[in-house]
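A.B. asks: One letter stands for each residue in the lines below.
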Amino acid sequence: MSNNDLIVGLEIGTSKICVVVGETRPDGTLKILGVGQAPSRGVRKGEIVDFETAMKCVHEAVVDAEQKSDVMIRSVYVAVAGGHIQSFNNRGCVILPEERDEIDDQDVEDVKISAREVSIPAQNAFLHSIIQHYHVDGQDGVLNPIGMLGGKLEADFHIIHGVRTRIQNTIRCVKELPLEVEDVVFSALASAQVVLTQHQKNLGALVVDIGGGTTDYILYVDGAVKQSGALAIGGDHITNDISMGLRIPMARAEKLKTEEGSCVLGNCLPGETILLKDDSGFAGKEIERETLNTIIHLRLRETFELLKRTVEEEPFINYVGAGIFITGGCSLVNGIDHLAGEIFEMPAHVTHAQTLSGLTSAVENPQFSTAIGLLKYAQAVQVDRPRRGITRIFGRFFSGMR
Amino acid sequence: MIQLSKNYSLPERQEEPIPIKVVGVGSAGSNALDRVLLDGMDKADLIAINTDVQSLASSVATRKVQLGRSSTHGLGTGGDPELGYQAAIESADEIRQAIAGARMIFICAGLGGGTGSGAAPIVAQLAREAGSLVIAFATLPFSFEGKRRAAQAQDALSRLNEIANAVICFENDRMGDMVAPKAGIHQAFGIADMTISQSVRSIVNLIQRPGLIRIGFDDLFAALRSQNGRCLFGFGESDTDNRAHDALTQALKNPLMDKGRMLSEAAHVLVQVAGGPGMTLSEVEILMRELGRHVRDHTQIVFGTAVDGKMGNRLSVTIISSLASEDSIAAQDTSPPSEPFLAPPPAILEQVEEPPPAPPAIDIVPETESEASPEPAPDDLIAVEPPVAAEAPPPPVPAPAPSIKKPAPRLIPPKKKPVVEKEAKPPKEKPVQAKQEVLQFEPVTRGRFEKSEPTIVEGQDLDIPTFLRKNIRVK
Ligand SMILES: Nc1ncnc2c1ncn2[C@@H]1O[C@H](COP(=O)(O)OP(=O)(O)OP(=O)(O)O)[C@@H](O)[C@H]1O
Ligand SMILES: Nc1nc2c(ncn2[C@@H]2O[C@H](COP(=O)(O)OP(=O)(O)O)[C@@H](O)[C@H]2O)c(=O)[nH]1
Ligand SMILES: [Mg+2]
Ligand SMILES: [Mg+2]
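In order, the protein sequences belong to chains B and D. Our numbering applies: residue 1 is where the first sequence begins, and numbers increase by one. Our numbering applies: residue 1001 is where the second sequence begins, and numbers increase by one.
There is no bait here: all hints are sound.
Each pair of labels, with its calculated beta carbon distance range:
1) GLU1090/D / GLY271/B: 36 to 44 Å
2) ARG1469/D / ASN267/B: 23 to 31 Å
3) THR310/B / GLU1290/D: 41 to 49 Å
4) LYS56/B / PRO1277/D: 23 to 31 Å
5) THR1249/D / GLN123/B: 29 to 37 Å
6) GLU313/B / ARG1063/D: 46 to 54 Å
7) PRO97/B / PRO1277/D: 48 to 56 Å
8) ARG1096/D / GLN123/B: 48 to 56 Å
9) PHE88/B / ARG1473/D: 38 to 46 Å
10) LEU177/B / GLU1090/D: 50 to 58 Å
11) SER75/B / GLU1285/D: 51 to 59 Å
In silico negatives: residues of chain D with every beta carbon more than 12 Å from chain B:
12) GLU1129
13) GLU1162
14) HIS1245
15) ASP1246
16) GLU1265
17) GLU1283
18) GLU1285
19) HIS1294
Think of the hints as simulated: they come from the structure by calculation, not from any bench. Using N, Cα and C, we set each Cβ at its ideal position, and we do this for glycine too.
Given the sequences, and given the hints that come with them, work out the whole structure.
C.D. replies: Written out as structure tokens, the structure reads:
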């Protein structure tokens, strides 16, 4: 097997590091060869805070993936997240020269550059410019303008950017391993590639990836990305709340959350308790189940309400027809779909990467959505690449990627 | 006189942190320990030691030692220090194991009950024998708890004073003054736990923060050790344009500082200034000059600075000081701690710490520069943006905001207590001011999020549990 067909996705998450090795088939399908994992240390809220430690963990996960998939990993697509990531929509415009009236791919390239002629904070760097729609001489809804006749090409883009040094931190962590970084991808954009079908993107959908440290979201309307971003709140906050509220150590709060937790209120018998066994052999501590659920509920409700206020700053959420798709480890909290559905007043679904070839049920876990999504993203980009032949980390555009 | 103490005892930045263990003895001690942990402590190991298994089971500490399995059968001491003492003797081996390997042991205990009063001195003793340096944080009971408890507490306090390298003591009666009269006793204990947690964390930070000019253990103890048992403590932090002045003012206003008045009686003043890479020498100089106005000429000021990338624009000042007894201002630091009653290894301090080389005059420029620009650590890269926290950190104190009527706890001289009380209760204090002083003592409860940038949205610190911010009671 030639290494060219291999694609590797790496997520340096707050809770776990995940490396997915895949292979693209001549028929365009994607097969997953193996998944490597390691617990993550030195990462908080989706960002590396302890470089050395994080690097060790990434190394561990990469070695694991190499063993599981029996390939040598040389380069990876890396997901980035964190509260610093922001986005906006902008329109670019190019006027064709007098002597020419057929739009070519240079015009398409130029219109993207023009869309980026907008100021972002000095310390920020562009991460993605995702095409929404082209307009030729005012005609809307053009999908591919190349070859069309016209005098003016306009294009709407969704532009994602983040703090340069933080993105570079992630890249540096991978490069020092050493591994090559093919590209960095905003994690929700990656997740959406496997969580949503094209049909759902067309209907309009909001993907929410709630991990250990961040809640990343991306919103599609009419098949195009309209909004995206990240809140620096995640499962760690739930665990920390439980630890403080019940006065138990973080490790036990984490266990309690995943094994017993729910965000549904009023579902417990009066006085129903959970007996917390003490590993040091002392008498156990009794925890009231409703109390546990209340702590989880309050945090998740607040997070969804904040997310709702955030997306409602623009009108797009009103055009979401397929509903909310929740993924990431915290989507496993019992009742989270009902809570999200109630707050957003639309259908909400818990979801994971939809089956790809070779994907065993083991990876049908919402915690892997981002890493698997990277493969789908890479596949779309690689189809695009030979034509363009650009491999800069920042400042590249993809027309095929939506 | 300003005297600098060179870095002769604390390790370089790259080296391992100094092994510190914080031990909570008895139920009060273990509650205070929980608070230390919940407030975020990743630089020290926490150990709960108790006779009462119920209290042990609910402790957050990772390591627990049950005292007196066969003498108290897991039931506690019923308030009898003799039982606490026996139980600790019975479990001495387990205590030794738990505290082994620590350079410093901090002991937290509520004196007056059975376990804290009886066992804490033994724990201190075993720690000294193992070669550790010991600082005790103790509370004295409320007067309404009765004469017997008060006497038991005084007894235990004097034993601790003999054994520990330093004792920092808070009077519960004064904690009581810090909460509204109608507030329950639990709130008062909550304040006590918080104050202990703040002082423990400040001292741990003082020791663990990579310092430019480091403070040696002996300086620390000289400042904490007090002939008449009184200790002053202040902490201030600021990110304003005038942050050096503001942080100092805040530290001096701390209730434990007695508004800076007592500082003029101090024999030693230990000052630690921490700031981000932007901290300048002139800021430190301004601060030291200003502080100089609050102390007498012959007071020894020992100070250390630390550059900490995580501080961002903030600058913090920690002041720790002992008061000279009236008759021994000249004798000051030269006297070592009095001999412990069970004769622990006497020369620990001298053995571990090389005496400082002849103290130079202020000359911190070269050192400041050599360490102020370390190779770009990830921390530094991450801290490119000014920390949002500084804008609006609401005090994350779980207990309902206390309304405080007067400045409060201090190191108590067991014998001269009445005098102190008189001095400490001037009628002119403003309650609101005092409340702020307490709450601002240390800005944010970070817990798991210690190393991350705070998540501030719509003016709220979302790292603080939702139920706390929404004031919803969970128990
Ligand atoms: N069964 C479960 N119930 C509730 N929560 C769960 C469950 N399983 C995992 N989690 C939580 O999911 C979170 C981890 O999710 P995930 O692996 O998606 O995060 P991550 O990718 O490491 O972090 P991030 O993307 O935020 O940096 C943890 O907070 C964990 O407690
Ligand atoms: N700081 C604090 N002090 C307490 C608390 N509970 C009791 N105390 C005080 O500590 C003293 C000792 O009580 P306790 O620790 O319960 O007794 P012990 O376990 O036998 O040592 C009491 O007399 C109170 O003054 C608490 O939760 N926090
Ligand atoms: Mg994730
Ligand atoms: Mg995430």
